[in-house]
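Protein chains in written order, with the working numbering: chain A, 985 to 1255; chain B, 329 to 572.
A portion of the hints provided could be inaccurate.
With the Cβ distance kept under 7 angstroms, some of the chain A side facing chain B (calculated, not the full set) [said to hold, decoys possible]: (1) Tyr1077; (2) Pro1139; (3) Asn1174; (4) Gly1176; (5) Phe1179; (6) Pro1183; (7) Ser1235; (8) Phe1236.
Listed next, with one range per pair, are the computed distances between beta-carbon atoms [as the list claims (entries may be wrong)]: (9) Pro522(B) / Thr1057(A): 46 to 56 angstroms; (10) Asp477(B) / Lys1060(A): 41 to 51 angstroms; (11) Ala1028(A) / Gly405(B): 57 to 67 angstroms.
Just so you know, these hints were derived from the structure itself, not from any lab.
Note that the Cβ used here is the ideal one computed from N, Cα and C, for glycine as well.
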Amino acid sequence: MIALGVFALAIVLGEWGQAQAQDPKTPYASMAPLDQYLMVDRDAEIAMARSPAPEAISRDAGVLVLGRHGYETAVKGKNGFVSVVERSWMLPYDDPEFWDPKVRLPLCLNPPAARSHLPLTFNQTELAFSGMSKTQMFDRTKTAFDKSELPVPEPGSMCYMLSKQQNFGPKYGNADPHLMFWFPQKDHMNWGADFPASPVDVHQYSPQPITEFVNFSVQVVGRTGGTHECSPTSDHNAHSVMTMRRRSSKSFRLGSRTVSQAVYTGRNRDG
Amino acid sequence: MNRRIVGTITLGSLVLVVVLSTAWQTQAQDANAQYPSMAPLDQYLMTDRNAEIALARSAAPEAISRDAEVLVLGRHGYETAVRGKNGFVCVVERGWMSPFDGDGAVNFWNPKIRGPICFNPPAARSILPLTYKRTEMVLAGQSKAQIIDVIKTFIKQGLPPLEPGAMSYMMSKEQYLTDNDHHNWMAHLMFYTPLMDGVVWGADLSNSPVMLNPQFSGAPEPIDVFMVPAGWWSDGTADPVRVR
C-alpha cells in the first residue's frame, strides 16, 4: 500500500516536473503534494479564515479548516456566516495558479452564500483530492451543475474578502480588498462592468452557471460610536492599491477543447 | 465619542440614518418641522431640462450612462428625455423616495433633494416601477398614508417580481442627499434583495463596508437595499470615505 502510494506520488511529481520542464511559464501544471496545500498550524488557519471580514462578523462565524480528507469544522458559528481559506483550485480553470500551493483565499460567506457556495468549494476540493486533472474536474463540475447536484446562488449571496493575508499567487498577490456577490448567470452588461471608471468587475467562470459580481473599491466604513472610520482591509492598516489590471477574456484552452467564459474588469481607471 | 452630530441622511433613492445623539434628534425634529408636507410642485422641478439630463447621467460612469435611457421629472410625472441603448435607466429621484416614516423620513418632502441614480436593467424593470408609482401619487396630491395604501395594492397587483442582480449606481458628485454639511454624502452602489435581516449581509457592523438603507425595508415595499461605497465619483475623482 505504501509502495503504491509512493509510486503514485512519484508519478505525480514526475508529471509535475515534466510539465515544469516543458513550459516554464506554467510552473503549476498539476497538483503538488497535498502537504503543500495544508496549513500545519490549525490556529493560524482559523485566524486567517476569520481575517477577511470585520471582527464584528467573523468572531461569531463558523470556521472551516482544510484537513487531509477535506474541510472540517474547526469552530461552530452563531451568526450563520462561515469563514474558510479556499485553495488554488477555486481559481478559474484558466488561471496559471490553479495548482499553486501557496495560494490562500480567505473568505467569509454570509448565510445564503454558505448554503449555496460552500457546496462548490467542497466539490472542487473533493475532486482535487481525488487526483483528477483539471479537465476531469471541469467535466465533473459541469455535469454536477447540469444535473442540479450543485446549487446556483441563493438570493442575497455574498462574501467578504478583505484579508490582508489573501494570496492570489505571484501575479495578483493579495490583490485588493473586495466584496463578492453571486447571482445565477446573466449578461455582464447588466452590471456595467468592463467600462472605464466602473467600480465593478464581473466574472462568469466556466463551467459554473454563476455570475460573480466583484466590488474592488471597498473602503471599510465603521460606525463605531457614530463616527465613520475608513480603511481598505478588515484589519484597517493597509493602503488600498489598484493592483489588478483590466482584462477581459472570452475563451481559453483546456486540454483539447476551447472553453468559453467571460471576465470583465473595468475598475482600473487608467485602463 | 465627542462628536455630537454624526448622522447622514436621506438620499433620494437611499437613506442612511445614524441616530446617536440628542443633537441629531433635535435636528431631525427641526427637519420634519421644516418639511412637514409637500412644497409647491415647482420647487421639485428643474427648469433646465438639459441640466436634469446631465445630472441624471452623472450617477454612473460616462461609459455606462451615455447609452442609458434618461428620465426627467415633468408636471405629470417622469418622461423619457433620452432613449437608451444599454438597458440602464438614469433618473434624478426626489425626496419622496425616502422612507415614509422614521428618522429617514426627514427629507421626504424636502424640495432640495436630488438623487441621481442609474438602474441596471434588472433594477430598471423591477425597482424603477416603485419610483413611478410613488411619484404618480405625489403629483396627484396624495398624502403619505394614501400613497402607502396605493403602494400596498401595487405590490400585490402590479409590481414586477424583484429580479436577481438588481442594482444601481449613485456616484454623482452633484447629488444632494442631505441638508447637512456633506450634501453629496458618498459615492455608492446599491443592491436590491428580498427582505432579509441586515445582519445577513453584516450590514452596519463595526468596520463593515456594507450599510442597510432603510428606504424600503418592508414599509411597505418588500425589498431591502444594501449600500457599498464606490470609492470614487462618476467623473473618476476619488471619494474616500470621510471620517465624520
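Consistency of the hints with the structure:
Taken as an interface hint, Tyr1077(A) does not check out: its beta carbon lies about 24 angstroms from the nearest beta carbon of chain B, beyond 7 angstroms. At about 5 angstroms, the closest approach between the beta carbon of Pro1139(A) and any beta carbon in chain B falls short of 7 angstroms, and the interface hint on this residue holds. With a least beta-carbon distance of about 5 angstroms to chain B, the hint placing Asn1174(A) at the interface is held under the 7 angstroms criterion. At about 4 angstroms, the closest approach between the beta carbon of Gly1176(A) and any beta carbon in chain B falls short of 7 angstroms, and the interface hint on this residue holds.
Taking 7 angstroms as the C-beta contact cut-off toward chain B, the hint placing Phe1179(A) at the interface holds, the least distance being around 3 angstroms. Checking Pro1183(A) against chain B by beta carbon gives a least distance of about 5 angstroms; that is within 7 angstroms, so the hint holds. The interface hint given for Ser1235(A) is violated, since its Cβ lies 23 angstroms from the closest Cβ of chain B, which is over the 7 angstroms cut-off. With its C-beta approaching chain B no nearer than about 25 angstroms, Phe1236(A) sits outside the 7 angstroms limit, and its interface hint is violated.
Look at Pro522(B) against Thr1057(A): about 28 angstroms separates their beta carbons, and that is not inside 46 to 56 angstroms. At roughly 46 angstroms, the beta-carbon separation of Asp477(B) and Lys1060(A) lies within the given 41 to 51 angstroms, and the hint holds. Taking the beta carbon of each, Ala1028(A) and Gly405(B) are about 60 angstroms apart, inside 57 to 67 angstroms as hinted.
The structure does not agree with the numbered hints 1, 7, 8 and 9 stated previously, though it agrees with the rest.
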